[in-house]
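Novice: In the order they appear, the protein sequences are chains A and B. In our numbering, each number is its position in the first sequence, counted from 1, plus 1087. In our numbering, each number is its position in the second sequence, counted from 1, plus 69.
If you're looking for bench data, these hints aren't it; they were derived computationally from the structure. Among the hints, erroneous ones may be present.
For each label pair, taking beta carbons as the anchor points, the in silico distance ranges come out as [what the hints assert, rightly or not]:
| no. | chain 1 | residue 1 | chain 2 | residue 2 | range |
| --- | --- | --- | --- | --- | --- |
| 1 | B | F88 | A | K1102 | 53 to 61 Å |
| 2 | A | M1346 | B | E164 | 53 to 61 Å |
| 3 | B | E143 | A | K1155 | 30 to 38 Å |
Glycine is no exception: its CB is placed at the ideal position from the N, C-alpha and C atoms.
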Amino acid sequence: MPSLKDLKNRIESVKNTRKITKAMQMVAAAKLRRAQEAAEAGRPYADQMNKVVSSLAAAAGASGVGPKLLAGTGADTTHLLVVMTAERGLCGGFNTYIVKMARQKIEDLQAAGKTIKILTVGKKGREQLKREYGDLMIGHVDLSEVKRVGYVNANAIARDVLSRFDGGEFDVATLFYNRFESVISQVPTELQIIPVAYQEDDSESVVYDFEPGEDEILEQLLPRAVATQVFTALLENGASEQGARMSAMDNATRNAGEMIDKLTIQYNRSRQAAITTELIEIIAGAEAL
Amino acid sequence: MAETMQFDLVSPEKSLGSFQASEVQVPGSEGDMTVLPLHAPVITTLRPGLVVAKSPDGSQEFIVTQGIAEITAESVSIIAEQAFDRSEVTKADMEKVLEEARAHAESVAGEEKLNAEKFVVEMVHFIEMME
């Protein structure tokens, strides 16, 4: 049986924890709003980019010869997995879900005899994957110093990936991130970025004139399409992280509240028990006289 | 004949303009062009320059650095790497962009360096033209 003083301390400490989780929840809510706005603001660009890439790619794909970025290297032996997670924890299963998905993919690919390379974005994913697959890691992107993820960051990651591709380090690149569905639901998603995936649209295809030329445009456009996909993934991931943190902290706050109630009841009971015992002692003493 | 066409200008971080325009000037990499409704479909790369979109309510000016313009009979979509509203930026802002481009040109090699250096030269030209 803990003493009254112990219980009191315990209650105080849980109350402090509750204050912290409550504050974190509110911070996450504010950040979520901003992250969502950023994700929405980026959408028109991504849509337009997809549209143009699709119409160009369809034309180039029909001719059978396209740049390597579009047609692939012709091989399928080395896979690069870009695993995007958060820089911080305390956001529920957010990081674990992405890592789990990536791990599953790694196992599948390894079973199929492929070579795997891993590039991590965000500290948490690196920590979780390092133990098992440390020897497969070829790089890490640290965004912990970045306050607001911008296109510049995405571009840097895309450039890194593209230069590795040009160097023949891998054949296929896949992104892993959490797609933001709602505050309570984030969906771990894998997205192939190289070779550039595009939708085949059967709608009337307009025949475009190209300036300077089709190849030059594709050459400029495809790296940008990759950067755009990385950027979209980063933004979605950012919004998802805040959403996940918000609901995790909401749960934590509620749990702390319940715990405080329970401890308070226990404290009151013990206090009354102590008073009763004292009274009995006094009465017994008086009767003995 | 169609009087106007849909004009969209988007950068990765936001959409800068989306409205009906009667005339759009585009700084294509092979030369400036003015697009009117019912233009033949063209996709062109961009060089740093001014995009002027004229609509019945007046004209709006934007600065773009690099990107792609997709022109069809009914629309002009500009997908810019970086885009600014002309009224919101000054020469100093553009010089900052130039500095970044210079730093980037220093850091890369090979064919990418050529492209990056070409971009720097075009930026310098454009900044000289700004009043």
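Novice: State for each hint whether it applies.
Specialist: How the hints compare with the structure:
Checked against the hint of 53 to 61 Å, the pair F88/B and K1102/A passes, with Cβ atoms roughly 55 Å apart. Between M1346/A and E164/B the C-beta distance comes to about 58 Å, which sits within the given range of 53 to 61 Å. For the pair E143/B and K1155/A, the supplied restraint of 30 to 38 Å holds, since their beta-carbon distance comes to about 34 Å.
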